[in-house]
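Q: For the first sequence, this note's numbering begins at 1 and goes up steadily by one.
Hints are computed from structural coordinates only; laboratory data are not their basis. Just so you know, nobody snuck in bad clues.
What follows is a list of derived Cβ distance ranges for each label pair:
hint : residue 1 : residue 2 : range
1    : Gly238    : Glu409    : 37 to 43 Å
2    : His210    : Gly238    : 32 to 38 Å
3    : Ser287    : Leu440    : 40 to 46 Å
4    : Phe389    : Glu284    : 26 to 32 Å
5    : Gln102    : Leu179    : 42 to 48 Å
6    : Gly238    : Asp377    : 26 to 32 Å
Below, in silico cross-link-like pairs of lysine-lysine (PhoX-like), each with a Cα-Cα straight-line distance of 20 Å or less:
hint : residue 1 : residue 2
7    : Lys481    : Lys458
8    : Lys336    : Lys487
9    : Lys111    : Lys288
10   : Lys350    : Lys487
11   : Lys301    : Lys336
12   : Lys481    : Lys350
13   : Lys24     : Lys373
14   : Lys22     : Lys373
Quick caveat: nothing in here was measured; it's all calculated off a predicted structure. Note that beta-carbon positions come from the ideal geometry of N, C-alpha and C, so glycine has one too.
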Amino acid sequence: MTHTDSQTFPDIYIHDTLQRRKVKFEATSAGRVGMYLCGPTVYSDAHVGHAKKEVAFDVIRRYFMHLGYMVRYVSNITDVGHLQNDSDDGEDKMLARARLEQLQPMEVAEKYFWSFMDDMGRLNVLRPSIQPRATGHIGEQIALIQELIARGHAYESAGSVYFDVRSWPNYGALSGRKLDDQEEGTREEVRGDKRDARDFALWKNAEPGHIMRWDSPWGQGFPGWHIECSAMSLKYLGEGFDIHGGGLDLEFPHHEAEIAQAEAAGHPFARYWMHNNMLTIGGEKMSKSKGNFTTLSDLYKRLDPMVVRFLLVSSHYRSITEFSDDAFVSAQNGYKRLSEALNEVERRLKDAQEGDDSALIAKVETHRAAFEKAMQDDFNTPEAVAALFGLTRDVNAALAGQVGRAGLEAALSAYRELGGEVLGLFAEGQTQGEDDSQRLDTLLELVLQARQNYRRNKQYAESDALRDRLAAVGLTIEDTKDGARWKR
RNA sequence: GGCGCUGUAGCCAAGCGGUAAGGCAGAGGUCUGCAAAACCUCCACCACCGGUUCAAAUCCGGUCAGCGCCUCCA
1 MTHTDSQTFP DIYIHDTLQR RKVKFEATSA GRVGMYLCGP TVYSDAHVGH AKKEVAFDVI
61 RRYFMHLGYM VRYVSNITDV GHLQNDSDDG EDKMLARARL EQLQPMEVAE KYFWSFMDDM
121 GRLNVLRPSI QPRATGHIGE QIALIQELIA RGHAYESAGS VYFDVRSWPN YGALSGRKLD
181 DQEEGTREEV RGDKRDARDF ALWKNAEPGH IMRWDSPWGQ GFPGWHIECS AMSLKYLGEG
241 FDIHGGGLDL EFPHHEAEIA QAEAAGHPFA RYWMHNNMLT IGGEKMSKSK GNFTTLSDLY
301 KRLDPMVVRF LLVSSHYRSI TEFSDDAFVS AQNGYKRLSE ALNEVERRLK DAQEGDDSAL
361 IAKVETHRAA FEKAMQDDFN TPEAVAALFG LTRDVNAALA GQVGRAGLEA ALSAYRELGG
421 EVLGLFAEGQ TQGEDDSQRL DTLLELVLQA RQNYRRNKQY AESDALRDRL AAVGLTIEDT
481 KDGARWKR
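Could you build the full structure based on these sequences and the hints that come with them?
A: Right, dumping it as structure tokens:
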């Protein structure tokens, strides 16, 4: 469906981290949504936890599109390393990886940028409208830092620039922290060139030997950890843009710092903040530092990426998702149930007749409404998925008898629009080569005919042997009232 | 220590004042040469203890258990 500016959109309620409650979404500009999502630091392979975040916000974006909004979706690529810790002797992650792999830092960035894109592409995550790179926006970052200095919210010290946390009382509003409650100086010595241990770096002076370095008013250096997101989101989405998203673990300090940097410089920032919860394995957060992660490229060797996506949308984005062998076996079977119902609808549509399908069409509409209602309530994908299973139950029941073209088409469009376009669960083009699949069709038709002859002659040993042999290579034969059929 | 979250059937997971969605697994049945698929039926005293209420998984207080952030992390 498509809306023009004069059309109305259904109310959407989203949980706003700033207000700590569900609020009605109001677009800044009618019919348009601007979203910013904190993207990856491209220094190693993406794991399932990254997939949870990417899929969560991809679904949100897709739902806005489904309602007819024009969405500008900006997600950055961090290709300059943040430091590993807040002391000056910490090593840059990009540089550490570069040394390990004996590559230039930019080679590391390129390598992992493309593997990230590939991993997400297979998960059917749409490409961002704009995917700005931190190293391509050093100028914007420097300009923002200069504004902060001019307004008295940042200061230079020994070639580095720090944000003066004490000058900005709102610091802590997002994460609900009071400055004085924070542990001070326990994990690090208060550095000599900082006024307060909690001040964070906007610009860092480059030590000799630091490869990634740029000229700045404060000498050669590199940007701090948080400034790129403030600078790039404002550049591409403008002041007071709609939605800023990211992982819950980024809420503090990263997002807190982003807000401070933008608003202290006089630029109203994001109006809604959305955070996805973490993915756990054995009850513990999957993370690189814990080492308990499964990379997507490894996972894809044993699991269809669509099943991974299904597993992720089966839990709410604000809930913790437990990732275990049991969970994905369950996801595998559940996904199969949905996708095979869809396949059967398509198959039956090829030679469908007209008929009275009003009963089925009414049921499809009921499930469609349930799906929409769930999505409009803070993108409740588990309930939306439940609606898809409800649809599947009714469709399968109808499929057991006579269904006309209109009924099949109603079911098909529900699967395509809700399961496909919104949840992204039915990626196109998964079958290889048209030619091969044509040949396979013909070949199996012959096999099925031969087997049918055995069955007619009650030579069940022979017919069962054929079925077993095909099963061994992953082809399933099912006998139905209308004859045998096969599926992968 | 500060801030915050979670505990729902064997597993995954919604619901967040009106008497427990959905999926996987399991049991029985229909169909079938058998099987598979599909359909029908069954399968939860919502961690524990108090309190508020006509009514609580849902609100309040406490207890226990687990987790996250406060350091790079999606």
